[in-house]
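Residue numbers (my numbering), protein chains in the order written: chain A, 5 to 631; chain B, -19 to 81; chain C, 589 to 754; chain D, 15 to 378.
Among these hints, one or two may not hold up.
[To be verified] In silico DSS-like links for lysine-lysine, alpha-carbon gap of 30 Å or less:
#1 D:Lys154 <-> C:Lys750
#2 A:Lys366 <-> A:Lys486
#3 D:Lys47 <-> D:Lys75
#4 D:Lys47 <-> D:Lys79
#5 D:Lys47 <-> D:Lys89
#6 D:Lys79 <-> D:Lys26
#7 B:Lys67 <-> C:Lys750
#8 B:Lys67 <-> C:Lys701
#9 D:Lys154 <-> C:Lys751
#10 C:Lys721 <-> D:Lys375
#11 B:Lys67 <-> D:Lys75
[Stated by the list, open to error] Some, not all, of what chain A presents toward chain B, calculated at C-beta under 7 Å:
#12 Trp58
#13 Thr62
#14 Gly609
#15 Leu611
#16 Ala615
#17 Ala619
[Stated by the list, open to error] Okay, the calculated beta carbon distance ranges per label pair:
#18 D:Pro84 <-> C:Ser693: 47 to 55 Å
#19 C:Phe724 <-> D:Phe82: 50 to 58 Å
#20 D:Trp336 <-> C:Gly744: 15 to 23 Å
#21 B:Val(-10) <-> D:Trp341: 53 to 61 Å
#22 A:Gln605 <-> C:Ser693: 21 to 29 Å
#23 D:Ala363 <-> C:Leu738: 15 to 23 Å
#24 D:Val370 <-> C:Leu738: 54 to 62 Å
#25 D:Trp354 <-> B:Thr(-18): 30 to 38 Å
Don't read these hints as lab results, they were simulated from the structure. Think of the CB as a built atom: it goes at the ideal place given N, C-alpha and C, for glycine as much as any other residue.
As a plain string of letters, each chain reads:
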Amino acid sequence: MNFLPWLILFLPLCACATITLFTQRDRKLSAGLSIGAVVAGFLFSILFISSSGWNLNTELTTTWLSVGDFHIDFGLRLDPLSLMMTLLVTGVAGVIHIYSWGYMADDPGFSRYFACLSLFTFSMLGIVLSNNFIQLFIFWELVGVSSYLLVGFWFERPAAADAGKKAFITNRLGDFGFIIGILLVWATLGSLNFGDLEHKLHADPSALGAMATTAGLLIFCGAVGKSAQFPLHVWLPDAMEGPTPVSALIHAATMVAAGVYMLCRVFFLLNLPGSNALTVIAAVGGFTALLAALIATQQNDIKRVLAYSTLSQLGYMVMSVGLQGRTPAMFHLTTHAFFKALLFLSAGSIILALHHEQNIWKMGALRKKMPVTFWTFVAGTLALAGVWPFSGFFSKDTILAQALEQPNPALRYGFFILGVLIAAITAFYMFRVVFVVFSGPARSDGAGHAAESPSVMLWPLRILAVFSLIGGVIGVDALYNKMFEPLSDEFHYALWQRLLLPFAEAPFAATLGLLAAAAGFFAAYRLYTNVLTDPLPEKLGSTSQWLRDRLYFDELYEATVIRFHDRLAALANWFERWIIEGFCIGLVRGGTDLTGRMLRQVQSGNLQTYAFLFALGVALVLYFVLL
Amino acid sequence: MTIGLNHYLVVSIMLFCVGLFGVIVRRNLLVIYMGLELMLNAANLALVAFSRFNDNLDGQVFVFFIITVAAAEVAVGLALIVALYRKRQTVHAEDLTTLRL
Amino acid sequence: MENFFFYFFAALTLIFAFLVIANPFSNNPVTSAMFLVLTIASLAGLFVLLHAYFLAAVQVLVYAGAVMVLFLFVIMLLDLKAEEERHIRAFGLGAGLISVGAIVSIFLISLLKAPLLSNPAPIVHGDTLALGKLLFNQYSLPFEIVSVLLLVAMIGVVLLSKKELK
Amino acid sequence: MTSQFILFSLLKVLCVFSVLMFIVGNAVWVERKVSAFIQDRRGPNRVGPFGLFQLIADAIKGFLKEDFTPGHVRKAYYWLAPAIVMVPSLLTVAIIPFGSLLGSQKMVIADLNVGILYTFGIVSLAVYGIVLAGYAARSKYPFLGSIRSSAQMISYEIAMGMSVVPLFLIACDPKGIRDLGNGWREAWQTFLAGTSSLNLSRLVAWQADHCWLIIYAPLSFGIFLAAMFAETNRLPFDLPESEQELAGGYNVEYSSMKFMLFFMGEYASMTVSAALLTTLFLGGWTLPIPGLDRPASTIPLGLLQIAVFLAKMLIVEFIIIWVRWMWPRFRYDQLMALGWRRFIPLALANILITAVALWIKPGH
């Protein structure tokens, strides 16, 4: 069965290559190939897991390149973490692929879209299955490339093209730190294989010495970029310029999860004695979560609300990792993948029904017109808001419980209160969207004439809705827990026991979480039932304006980072033009040119000259051979 | 003093160099070609002399091949010259400088 | 006697060869060709002195009989009315003298350094039978290849000589 | 290299040369007589009985006539060409065994081992005389004639050379001559001492031993005969000098002694070709009569064999002359087509068939 993981990994790549090279013109075949590859991957994942079980901890390797003594294996790491992620990626991606068939049906770049989608799936699976840093980094960059291609898919629209560039470049900043961190790890530990590294650090936790914090933070830089944490969060909302399924795939379910996944994968590097990396990570995560949640409350674009909610939830997960809670982080990541994909796809359904209208203040009264979409969206909202018994409740609760387990009381209550606050805000802005979009009067003609989406789009919604509902109780957390804390007790609970488990284990956290959600719901209900415009700006004044303009981060970066960057670029340009091109290359080129001009005198076209030179050459050879 | 290998080799070298001199100095393609033939013949002479003074017929077989190849080469070369003349109305090396840069 | 013949033929060969490339009386290619025929005939004499009878005959037959006739044929076909004017370029002359001088001196020096081979009794006879045996046994493959070469050359010449290729 | 060898060689050269010249001279007379007979007229009949002294009269005329040199010719080649025309035939004759033995002397000027190759080498040089004559004249007809001639001679040389190959395949059996006892073999061994494969004497010996090669290789004979006409520029292949088209070709510009030399050159090459044909196909100096089929032991017998050779040769020459007045001229393209597209493939096939036949011959 060992070939199955390889197959899972490379099928999407094959699909991408085939589409790009051969089937560009055949839309259906292209889509079929792409969907087939990812669905086959999903089925193979199930097959593989069912045959070899969850309790794997192996690597499949093949030598990829060797330079001297330095070998890099191309390897797949198979353990519950990667298997679960594989299942998640192929599953969510599969659903989104199918949904795309309907959503993108009229797009001229249909085949190209599916090729990019396959490439993205391949890259994401590569990240998930990598067993070493180099491979991980390469797939990391591939994800960046494919997200660039997908975000900028409608490249004829300047906004989309700019968003693609922004996503790519912002990610570069994080990756810059990431690769330095990788090099640092390699320089100090001499290995890049996760298993080796873990083993070494387990044997000698102080192997990194004083560099522990630095290395951890540098590697965290990668996650900051990819998971859009503060201060590199600015690209994610813009990236909503891509097609909505892409938003769902990249910016909700998978790509941004890569950062969190990576942190969990290399947790052994962060959780070292004498390293403060985790604290910083938790702080960054918490701050991002709060910031994003606040901004989300005053966004009017449905996808931007969801984007900021994604940011906020990612911050939640990162915070959880920072609080040493890998299980809660991955648990929340998994459930979040379900309900955020659901929310995005439902939003896509709405957007499509309203002919690409994304402003929530031009929607309204869609509950009757789009019943399936309404119910699925509500399911997603409930899950995101953490309402029992939806999946979000369980995962959010574990995070809150994790916060309560902190030894340091300041940290403990700080993060716990932060978590509850964010939960309340989350519930508020999500229900704001629900009330504005689905109830009240129809605020535009488009909303008045909206109709339900085709079933090829609705079925993925239904599937995801089901998973959003039950995702918290099917044992995902148990799986992660067994991997991350092998020493702790195994959960053996029936379904109904699981439903009530949070109240038994951490009643304080569960209760407060539920209360926060309820508070958010009521606030939204009070403010947003049957209103034509947002009443909040009047009440909050300039704060609202600040939030609506995303706290002016873009403008800030524009004024500082980008201006500095421009200056630097101008300097580099000058250097390039005058020093490198003018002096270095110019000298070489001029020298070559001069020599060439001299030598071309020899190429006179005169037979005698050639014969003469030839004879001289012969004489020279003879001189060396004979004398 | 009996005539030895060296005598023949000296003749061969001089013949070769006369041919080479012709190739370099003359400008008529046909005469240049004749210079080439002289050089080939010089090689033939050297080979036959070696064959004779080493008690080995291989050298002569070689000469046989050289003569054959030379015949083929002359045929093709002269055909080229004729074709060239048809095109350019000249067989002077000075006038044929298309290869000049 | 043999010494005399050697010096005689060698002198003839070199004189004729020189007249091929630089004839003080005529710059006519036909003259060059005729002297080349004489060079080849003298060379055949040298071959006979070296007991290469077969090659001597082939030399005359192929070179003098066929190759040089072809030369004459072409010279006449081209009908070079404007015979080459006698102006030797200093560059050409210098270049020729330099390269030829260099090669001659290198060869002669190396020849002087080499031990003088004694002149053994003539054992090898380049007669037809011996050469034929060698040619058709040991060298049969090269022989066949050369035949292919000739065929190719023939086809090439036919193609080249066509007025226009279709 | 004794002085005796040189002496006898010189003697042989002298004899052969004078006899050849005599035959050449009289061949002109024969030609005119034959043509007259065929055209039903008398021919030369003024000088001497039956015009027999016409040869002398022609010679005197040739010597005494003004040697006119046109102004536009290339002088050196103009003088050289007639001389060159004579040379090849005189050189070829050197290797033809015109008799067996007179005393201890072989009746051949140079019994070369590469015999037939030498012949072809020299024959191939014959073209120079004509080419240079045409070139020297610097006028159209001679020039065209010489161009034609060079192409024609090169073409037919190939057919000629290849037609001869089967003869040597047949005759140069390494086992050589059969031993029939009675000192048969000894006589031949003296004659053939020191000769090898391509030697013409061996060919003669083989024919004496078996049968004339015209029987064994009739196709070779046919090709050789036709090629011979072409090589000697005789009708029906006299394209280089065809009077009606080229007004005499290369000898247009020549007069008196120079013209005589061309004339003599033609007859000399004709005579030598006849001698060669005799040697190759007609048994040379032998006749299938006891005594005449082996090298002579006495001088009279040796002289008789020389006479036999001359007789055969003259008959062949007579045929050559006869053909000239009986056959029309070929067109030039027909001539080339015949040479390249008939004779050369035929000769090749001939070689192949002969080789295969010899290979499958029992007891070989």
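Okay, which hints does this one fail, numbers in order? 2, 5, 6, 8, 11, 12, 13, 20, 24, 25
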